[in-house]
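Heads up: the sequence lines are chains C and U, in that order.
Residues in the first sequence are numbered consecutively from 44, following our numbering.
Residues in the second sequence are numbered consecutively from 170, following our numbering.
Be a bit skeptical, because a hint or two may be false.
One-sided and incomplete, this derived list gives chain U residues near chain C with beta-carbon spacing under 8 Å [said to hold, decoys possible]:
no.	residue
1	E265
2	H271
3	T283
4	A327
Hints are computed from structural coordinates only; laboratory data are not their basis.
Backbone N, C-alpha and C fix where the C-beta goes; we use that ideal spot for every residue, glycine too.
Here is how the chains run, residue by residue.
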Amino acid sequence: MIFVILRVMALGVWRDRAGLAMTFALPPLVFIVFASVFSAGASGKLDVKAGIVDQTASADSRRLSLALNHQLGGRLATYPNRAALRDALANGRVDAGLVIAGDLGRDPTPATVLIHPGRRAAGEVLTAQVKAVAEHALPDMMMEREIVRLGPLLGLSEEQLDRLSSRPGLAPAPPLVGQEVLSGGDPIVIYYAGAVSILFLLFTAMQGAMSLIDERRAGLRLRLGLSAGGVAPLLFGRMLWLTALGVAQALVLFIVAAILYRIPLVQSLAPWTLTAIAAAAASGGIALALAAACPTREQAQTLSTFVVLILAAIGGSMAPRFLMPAPLQALGWLTPHAWVIDAYQTLLWRRIIDAQVLAAWTALAAFASAGFVIALVLESRRRL
Amino acid sequence: MAAEPPEIVLRILDARRRYAQAGRQVAAKAALDGVSLQVSVGEIYALIGRNGAGKSTLAKAAIGALALQSGTVRVLGGDPAKDRAIAGAIGVAPQEIALYAHLTVAENLHAFATLAGVRSGRAEAVTAAMAATACTSRADTRIDQLSGGWRRRANLAAAIVHRPRFLVLDEPTEGLDTQTRMALRRLILDLKAEGTAILLISHDADDVRALADRVGVLEAGRLIAEGSPADLMAQAFGGRQDLVVRLNGPAGAAEKVLRKPGLTPSEDGLLWSGLALDAPALASQLDRALRKLGVAAAEISVRQPGLDALIAWACNEAASRDRTSQGAAA
Numbered sequence: 044m045i046f047v048i049l050r051v052m053a054l055g056v057w058r059d060r061a062g063l064a065m066t067f068a069l070p071p072l073v074f075i076v077f078a079s080v081f082s083a084g085a086s087g088k089l090d091v092k093a094g095i096v097d098q099t100a101s102a103d104s105r106r107l108s109l110a111l112n113h114q115l116g117g118r119l120a121t122y123p124n125r126a127a128l129r130d131a132l133a134n135g136r137v138d139a140g141l142v143i144a145g146d147l148g149r150d151p152t153p154a155t156v157l158i159h160p161g162r163r164a165a166g167e168v169l170t171a172q173v174k175a176v177a178e179h180a181l182p183d184m185m186m187e188r189e190i191v192r193l194g195p196l197l198g199l200s201e202e203q204l205d206r207l208s209s210r211p212g213l214a215p216a217p218p219l220v221g222q223e224v225l226s227g228g229d230p231i232v233i234y235y236a237g238a239v240s241i242l243f244l245l246f247t248a249m250q251g252a253m254s255l256i257d258e259r260r261a262g263l264r265l266r267l268g269l270s271a272g273g274v275a276p277l278l279f280g281r282m283l284w285l286t287a288l289g290v291a292q293a294l295v296l297f298i299v300a301a302i303l304y305r306i307p308l309v310q311s312l313a314p315w316t317l318t319a320i321a322a323a324a325a326s327g328g329i330a331l332a333l334a335a336a337c338p339t340r341e342q343a344q345t346l347s348t349f350v351v352l353i354l355a356a357i358g359g360s361m362a363p364r365f366l367m368p369a370p371l372q373a374l375g376w377l378t379p380h381a382w383v384i385d386a387y388q389t390l391l392w393r394r395i396i397d398a399q400v401l402a403a404w405t406a407l408a409a410f411a412s413a414g415f416v417i418a419l420v421l422e423s424r425r426r427l
Numbered sequence: 170m171a172a173e174p175p176e177i178v179l180r181i182l183d184a185r186r187r188y189a190q191a192g193r194q195v196a197a198k199a200a201l202d203g204v205s206l207q208v209s210v211g212e213i214y215a216l217i218g219r220n221g222a223g224k225s226t227l228a229k230a231a232i233g234a235l236a237l238q239s240g241t242v243r244v245l246g247g248d249p250a251k252d253r254a255i256a257g258a259i260g261v262a263p264q265e266i267a268l269y270a271h272l273t274v275a276e277n278l279h280a281f282a283t284l285a286g287v288r289s290g291r292a293e294a295v296t297a298a299m300a301a302t303a304c305t306s307r308a309d310t311r312i313d314q315l316s317g318g319w320r321r322r323a324n325l326a327a328a329i330v331h332r333p334r335f336l337v338l339d340e341p342t343e344g345l346d347t348q349t350r351m352a353l354r355r356l357i358l359d360l361k362a363e364g365t366a367i368l369l370i371s372h373d374a375d376d377v378r379a380l381a382d383r384v385g386v387l388e389a390g391r392l393i394a395e396g397s398p399a400d401l402m403a404q405a406f407g408g409r410q411d412l413v414v415r416l417n418g419p420a421g422a423a424e425k426v427l428r429k430p431g432l433t434p435s436e437d438g439l440l441w442s443g444l445a446l447d448a449p450a451l452a453s454q455l456d457r458a459l460r461k462l463g464v465a466a467a468e469i470s471v472r473q474p475g476l477d478a479l480i481a482w483a484c485n486e487a488a489s490r491d492r493t494s495q496g497a498a499a
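Work out the full structure, taking the sequences as your base and the hints as a guide.
Right, dumping it as structure tokens:
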């Protein structure tokens with residue numbers, strides 16, 4: 044009996060090719076968008092559009108401008124004067140601006156980064172990019188600045204300063220601190236894989252659970268009500284299907300994440316599977332309870348949209364939880380989203396199964412059980 | 170409760186159910202108001218009545234899908250709402266096509282046979298149900314790709330795939346062409362001959378005349394008349410038949426001739442009808458009289474009175490009984 048319902052629902056999805064594509068293609072697409080945005084931010088690869096005003100037109104300033112344009116991927120626009128650059132900033136044509144007003148090799152602060160108050164991060168990025176470009180592309184100029192700065196302290200004459208600063212092949216001192224990027228999944232990518240996964244699990248589960256309402260409307264419920272096992276196997280079959288569909292949907296999304304962002308899915312496949320099952324079952328339970336509580340599809344659509352969006356907002360599917368105020372973060376634990384995201388992050392980023400993961404599995408199982416029991420009670424009491 | 174005689178399949182005793190209406194000051198509306206009826210083995214019981222009279226509510230109560238506020242429903246001596254074995258002996262073909270639209274006819278029948286608890290011989294049961302409803306040629310066609318007539322057949326096939334002993338059919342021939350309608354009537358009569366007790370809800374007078382052993386007229390949740398179709402028709406119309414005259418244009422001078430035997434016009438004045446004794450003879454007289462006046466009738470026909478007329482008669486009778494009993498009480 045359970046298998047019959049599983050088969051009926053599976054054929055329903057399989058034969059609705061448009062729905063099938065939406066179920067499996069849309070979540071990875073949305074994930075890629077989120078991951079691209081937030082992963083780039085975390086890795087410092089922000090695509091800043093910048094403007095430059097070169098008031099000196101010196102050889103060094105031209106070299107810096109060319110190198111910076113290359114570093115920014117061609118997103119450096121040249122403006123004739125400071126006022127034009129300010130105007131471009133105010134209108135949003137550029138995110139930050141650079142004004143070169145003095146001798147880059149000799150003046151103490153020859154360049155200024157103009158920052159729009161609404162785009163401080165872009166200003167910081169441009170400042171860092173200018174420094175990095177100067178270090179790597181204009182090492183002789185940077186050395187000249189050091190010699191000019193240290194010359195008076197060392198008691199060097201003007202002639203000595205000129206000779207030293209014009210000596211070819213001089214390079215600045217090697218940096219004090221180097222960088223080593225460790226291997227392993229990007230936490231923000233893992234975060235959004237979990238966040239987008241649970242968001243779409245609930246959407247998909249709600250669509251599937253609404254077949255309960257459609258059956259009432261089509262008179263099928265009258266016929267199903269006469270089935271030998273009663274309501275429980277009919278609901279349990281649905282629960283199993285929603286769980287299986289949810290796991291498949293999450294798997295597709297995480298495979299995309301593993302391919303594009305090297306999330307260590309294969310290395311943590313067993314605990315990932317348990318988390319995916321728990322998450323899909325929780326979504327199925329919540330969706331069945333909502334569908335059972337609503338007399339009409341219209342009510343269910345409205346209620347489910349409200350519930351799915353509120354849970355997503357509070358639970359961290361829309362914006363990272365660590366950016367939320369503490370009370371909202373605490374409230375997030377009342378949603379399955381927070382537990383799902385936390386479990387995936389612990390498993391795939393930290394690669395451990397700790398008490399927090401066990402708590403997440405327990406919480407998700409509780410969501411699933413509570414939802415199923417509520418749906419069962421409501422459907423058993425329902426008389427047509 | 171005493172054990173049911175073996176021939177009684179459905180017994181409803183004093184069924185009552187009220188629905189709360191919008192607004193607290195308004196009294197709850199009675200959907201079922203003390204209905205009692207029974208259907209025996211191999212009997213077709215037709216429920217007729219106006220829209221909202223309580224027919225569908227009674228049908229739902231009969232299969233245990235609707236909780237009564239008082240009264241009892243017994244199918245084969247058991248409560249269909251509580252006893253799964255009893256529920257498994259019931260088949261239902263709702264007015265809507267209660268099938269999974271994305272499944273084929275055969276897939277639907279397999280699913281419903283399994284859900285009804287058919288364990289062995291499921292494939293044979295599906296084949297038999299399709300053969301009985303002449304659906305075999307459409308076995309592998311999805312429901313959403315079938316025409317209305319084939320859907321009705323498949324809907325009925327799903328109701329009988331587990332060979333129920335009690336069958337509820339809600340408007341089984343609605344919207345069908347004459348040929349399909351006749352085929353489904355034959356199938357329903359075959360089921361009756363096999364001993365299936367059938368509760369039939371219909372607005373179709375021809376269906377009721379052709380199929381029903383007994384008819385119950387429901388009005389405002391009350392069973393106001395009951396009997397065989399022939400008896401009820403005789404009581405209601407006493408051998409009178411419906412005489413219908415369709416004119417090509419305004420009656421004009423013919424109006425007096427048409428009104429004389431009691432015919433009344435439709436809103437546009439082109440269709441005149443009324444009940445009459447010896448209607449065929451009257452039809453001939455009218456034909457001659459109209460010709461004499463130079464009025465051409467498009468059609469003069471004699472029909473059996475429809476269900477609407479029967480329901481209207483039953484309602485008048487019930488109102489008359491109510492007035493009499495109120496007068497006696499006063």
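Going through the hints against the structure:
no.: 1; hint: E265; verdict: 4 Å, holds
no.: 2; hint: H271; verdict: 5 Å, holds
no.: 3; hint: T283; verdict: 5 Å, holds
no.: 4; hint: A327; verdict: 7 Å, holds
Of the numbered hints listed earlier, not one is contradicted by the structure.
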